[in-house]
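Undergrad: The lines below spell out each chain.
Number of protein chains: 2
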Amino acid sequence: MSLPTVLISHTPPDEIRERIGEVLQGAAELVAFPEVAEARRVDVLQTCRAVLTYHPFRDLGIDSLVQLKNCGLMQCLTAGIDYLPLSEIPDHILVAYNAGAFAEPMAEHVVAMALAGSKRLRIEHGLMKDGEFNQFVPTKKIAGATCGILGFGETGREVARLVQALGMKVEAINRSGKTNNPIDFIGTLDDLERVLENADVLVVTLALTKQTDRLLGAEQFRQMKSDAVLVNVARGEIADEDDLYAHLLTHPRFTACLEAWWIEPVRHGKFEMKHSFLDLPNVIASPHNSGMTDGALITAAERGAQNVLRFLRGEEPRFIATDDVKMG
Amino acid sequence: MSLPTVLISHTPPDEIRERIGEVLQGAAELVAFPEVAEARRVDVLQTCRAVLTYHPFRDLGIDSLVQLKNCGLMQCLTAGIDYLPLSEIPDHILVAYNAGAFAEPMAEHVVAMALAGSKRLRIEHGLMKDGEFNQFVPTKKIAGATCGILGFGETGREVARLVQALGMKVEAINRSGKTNNPIDFIGTLDDLERVLENADVLVVTLALTKQTDRLLGAEQFRQMKSDAVLVNVARGEIADEDDLYAHLLTHPRFTACLEAWWIEPVRHGKFEMKHSFLDLPNVIASPHNSGMTDGALITAAERGAQNVLRFLRGEEPRFIATDDVKMG
Chain V
0 MSLPTVLISH TPPDEIRERI GEVLQGAAEL VAFPEVAEAR RVDVLQTCRA
50 VLTYHPFRDL GIDSLVQLKN CGLMQCLTAG IDYLPLSEIP DHILVAYNAG
100 AFAEPMAEHV VAMALAGSKR LRIEHGLMKD GEFNQFVPTK KIAGATCGIL
150 GFGETGREVA RLVQALGMKV EAINRSGKTN NPIDFIGTLD DLERVLENAD
200 VLVVTLALTK QTDRLLGAEQ FRQMKSDAVL VNVARGEIAD EDDLYAHLLT
250 HPRFTACLEA WWIEPVRHGK FEMKHSFLDL PNVIASPHNS GMTDGALITA
300 AERGAQNVLR FLRGEEPRFI ATDDVKMG
Chain X
0 MSLPTVLISH TPPDEIRERI GEVLQGAAEL VAFPEVAEAR RVDVLQTCRA
50 VLTYHPFRDL GIDSLVQLKN CGLMQCLTAG IDYLPLSEIP DHILVAYNAG
100 AFAEPMAEHV VAMALAGSKR LRIEHGLMKD GEFNQFVPTK KIAGATCGIL
150 GFGETGREVA RLVQALGMKV EAINRSGKTN NPIDFIGTLD DLERVLENAD
200 VLVVTLALTK QTDRLLGAEQ FRQMKSDAVL VNVARGEIAD EDDLYAHLLT
250 HPRFTACLEA WWIEPVRHGK FEMKHSFLDL PNVIASPHNS GMTDGALITA
300 AERGAQNVLR FLRGEEPRFI ATDDVKMG
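Listed in order, the protein sequences are those of chains V and X. Under numbering that gives the first Met the number 0, think of the first position of the first sequence as 0, with each following residue one higher. Under numbering that gives the first Met the number 0, think of the first position of the second sequence as 0, with each following residue one higher.
The hints are simulated quantities; they were obtained by calculation from the structure and are not laboratory data. Treat the hints with care, since some could be wrong.
It does not matter which identical chain is meant; a pair holds if it fits inside one copy or across any two.
Unchecked claim - With a Cα cut of at most 25 Å, we get these calculated DSS-like pairs of lysine-lysine:
# : residue 1 : residue 2
1 : 209       : 168
2 : 269       : 128
3 : 209       : 269
4 : 128       : 273
5 : 224       : 168
6 : 269       : 177
7 : 273       : 209
8 : 224       : 140
9 : 177       : 209
So that you can see chain V by itself, here it is in the shape it has in the complex (with noise of 0.2 Å):
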């Protein structure tokens, strides 16, 4: 009996496709679109099991998502997939998102972002140029502050993770109000108010929905303490982009990381600001390559691998996208 397919929408690098590979073996031919002879691209189409892409649109055309007859799921390799026009895809095809395939990059920046804003790296560098040199200056202690952390799926448990490991109390949100991970408080949206009172850091990990699309605005940066250091690497819209950066100019203690953009590159091929961010000394900018890390990719090609595996064996897959769950 020969093997379903798998089709990767795009070439893959060659350390992605052996790991790919790795985890299929036995179960899928790989095949990758580029690589598939122009007569021979329908049939692909219409008798892949899978498909594996980033941006199935772009890479295997619009007009061809209608040929994905045999096609049960559409794994996306990256996080967050609010870029794609999920109604576009038929509807015979689930369509999973790669939830928490860079959770441990992405929580490692976080602390970075979260330690260089406590410690006042980017402001005190600034003021050394300016010839001040504030020794005396306190900055945030870490052990026994609080970490608030907005949406504690994987990428927001890790961070849990980390920033316990460096002393500080965990205070999250999520869709349930509840969490087998030992943290010091979780609850729901509705308990917006508590964790933006007590947190000296915000880390925000939500998806973007309509819930959270600018979930936080001037009343909730005002709720906050006045030097918390916010990091978001989410999703620029669940920040009021005018808000912050008005908050910004009002509360110089207060500090911004920020590595989710209102419009950036991957989403809207291009990136642009409303305000110059980038020029605050209390803002810290990073250019969403949070997860970025070296091999980092190769463990997000696995993860969904290992997710088309499950589908493939009949098991359930994981992380199906919802009309309202944008974002993992």
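Add chain X to chain V, keeping to what the hints say.
TA: Coordinates of chain X only, in the frame set by chain V:
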């Protein structure tokens, strides 16, 4: 029987005075020198058993030191005392430095700098300002990477504890080449090359001595990985200033996190550099403030007072300065 007098050379803030008082309660009477009436000062100097001080020469006056006839211990409140002319202190007085006084906040600062460097926070922020959005340029993974630690005293060991909690391996250098701490390698300066070669992050917490003065020069930097992150929280002099600047220019992926400087205010009355380190994108600078978290001065004073208490009880005081140990 009246209690012995412990003299504080300056007027401490109330919180610090209270904490020292709690430690010495029942064992000594605490006197702040500026509060002693002019007429009684010689008497207080002649009778006190110990002095707690940041700067005895400035506070008491260099001519007063000969009056300290009954004094057996001068307990400095700073960890590094290489700025004090120890030879001016009468021979019968032991001088103790406050080893590890700021170990916990300094170690947090080290982790902040090491991670900020590893995750390219300053470099990428700068590039974003120039319009580059490097979402796919890899950053360093912390888990599994190796942290070299030169100087494995209180601060070095606390750094080890934190970076191990983040999943790093630790290779350290101390005088004995021995430690009870569970790290991956311990050696002496004879093993420097090995530690330099293996380090993804290299943390300098060494005392400044004849052996460590300019320990790190062009040859040592060349032995390090080209994308290593150097963190110096000890003394600027341990790295050769010219060689470090030259290495940073020729190795843009090498990052130096500088918290200790060659010419800096507390030791030299001014902040000066021979090269414009602050303008390099691969430098992260802080104004020797790593110990300065909220409450850190209180903890440091408490530790100093505990060493005085040991002395008053007839126990061996810790961290006595010798000619070659100038910084703990």
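Undergrad: For each hint, tell me whether it holds in the structure or not.
TA: Against the structure, the hints:
1. For the identical chains of this complex, residue 209 and residue 168 are neighbours neither inside a copy (29 Å) nor across copies (43 Å), given an alpha-carbon limit of 25 Å.
2. With identical chains, the CA atoms of residue 269 and residue 128 are at most 25 Å apart between copies only, with a shortest distance of 14 Å across copies and 32 Å within one.
3. Taking the shortest Cα distances, residue 209 and residue 269 sit within 25 Å of each other inside one copy (23 Å), while across copies they are farther apart (55 Å).
4. Taking identical chains as interchangeable, the C-alpha atoms of residue 128 and residue 273 lie at most 25 Å apart only when they sit on different chains, with a minimum of 14 Å there against 27 Å within one chain.
5. For the identical chains of this complex, residue 224 and residue 168 are intra-copy neighbours only, at 16 Å inside a copy versus 35 Å across copies, given an alpha-carbon limit of 25 Å.
6. Proximity of residue 269 and residue 177 under a CA criterion of 25 Å is satisfied in neither setting, with 38 Å inside one chain copy and 55 Å between copies.
7. For a Cα distance limit of 25 Å, the shortest separation of residue 273 from residue 209 inside one copy, 22 Å, qualifies, whereas the shortest one across copies, 55 Å, does not.
8. For the identical chains of this complex, residue 224 and residue 140 are intra-copy neighbours only, at 15 Å inside a copy versus 31 Å across copies, given an alpha-carbon limit of 25 Å.
9. Only within a single protomer do residue 177 and residue 209 lie at most 25 Å apart by alpha-carbon distance; the minimum there is 22 Å, versus 58 Å between protomers.
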